[in-house]
Amino acid sequence: MYSLDVNFLTDRNLEIKGPVVAATADGPSLQQQLPIYIGAGVMVVLPLLAGLSLLFVGWQKEQAQANIQTLEAELAKLNAQNKKIQEIEGKIKTIDDDIAGLVGVFNQIKPWSAILQDLTDQTPATVQISGIQQADRVLTLTGFSRNYADLNDFLLTLQNSRFFKADSTKLVTATANPLPITGIETDSGGGATAPKQPASGAADKPAGPTVTVPTGVKYTITTELSDTPDNELMSELTRKGAIGLVTRFKILEQKGIMSSQKPTDPIVSPAPPGTPPPA
1 MYSLDVNFLT DRNLEIKGPV VAATADGPSL QQQLPIYIGA GVMVVLPLLA
51 GLSLLFVGWQ KEQAQANIQT LEAELAKLNA QNKKIQEIEG KIKTIDDDIA
101 GLVGVFNQIK PWSAILQDLT DQTPATVQIS GIQQADRVLT LTGFSRNYAD
151 LNDFLLTLQN SRFFKADSTK LVTATANPLP ITGIETDSGG GATAPKQPAS
201 GAADKPAGPT VTVPTGVKYT ITTELSDTPD NELMSELTRK GAIGLVTRFK
251 ILEQKGIMSS QKPTDPIVSP APPGTPPPA
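Per this note's numbering, the very first residue in the sequence shown carries number 1; after that it's consecutive.
Since the hints were made in silico from the structure, they are not lab data.
One thing to keep in mind: the hints can contain errors.
[As the list claims (entries may be wrong)] Mimicking BS3-like on lysine-lysine, the simulated pairs with C-alpha atoms at most 27 Å apart in a straight line are:
| hint | residue 1 | residue 2 |
| --- | --- | --- |
| 1 | 218 | 170 |
| 2 | 250 | 165 |
| 3 | 250 | 93 |
| 4 | 110 | 91 |
Using the sequences and the accompanying hints, generate a full structural model.
This is the structure:
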């Protein structure tokens, strides 16, 4: 018996036309998936960086806190030292003020030896000082002058003295009066009288000669001690013989307690026209 054996695969005479396309698996490619990988990396790195930043900030905060505590401790020490320095400066200022006050008082005390010597040098030969009175810093001079011109010269000379204030040196009174001559008496009217007659038993002796007493000027002058510090009158004090005071001033200057000042020359006001020169 015959059998029919037909192979449909081999016997098919099919003709393949067109290009052959290789079969590919379905799904996205690596290039398409690259943004996904980058995004995943970023999602992993960002939290890691944030954590590291938090750790770094915490470490920085601890370091800053430690530095603040160290600075606060140093500041406390400096404040304590500053307080001690201020206390010392306060004590020094108190001592300086006391010294300045003592030096100021000491610097305003005019030695009487220099004042009297200055009056002696300023007084003309025709003017006599019979009395000096002091009330605080005001001096009152009384005496006699040969005439008004000599008295005026004496007044101008006192006004030019650095030991007295020029604007406070004034002539208070000036009256005509017989000059005080020893052994001659004057009556209340200002005239001269002869010597008294001898007592009983001497009537036969001749009377003494009659002496005419010249009339002068009895004056009163007020002045005030100058406010010029003594350390500015060094040359005048030396000339007037106040060597002890000048020596003390030099010692104070050497120790830095008193500053040295260059003395200035006195300002001499011109005399009025027609005034005779001092004797």
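Do the hints match the structure? See the list:
The hinted pair formed by residue 218 and residue 170 meets the criterion: a straight-line CA distance of about 15 Å does not exceed 27 Å. Only pairs whose Cα atoms come within 27 Å are accepted, and residue 250 paired with residue 165 is accepted, the gap being roughly 26 Å. Of the supplied pair hints, the one linking residue 250 and residue 93 holds, its CA atoms being roughly 23 Å apart against a limit of 27 Å. A distance of roughly 31 Å separates the Cα atoms of residue 110 and residue 91; the hinted pair therefore is violated under the 27 Å criterion.
Consistency note: the structure conflicts with earlier hint 4 alone.
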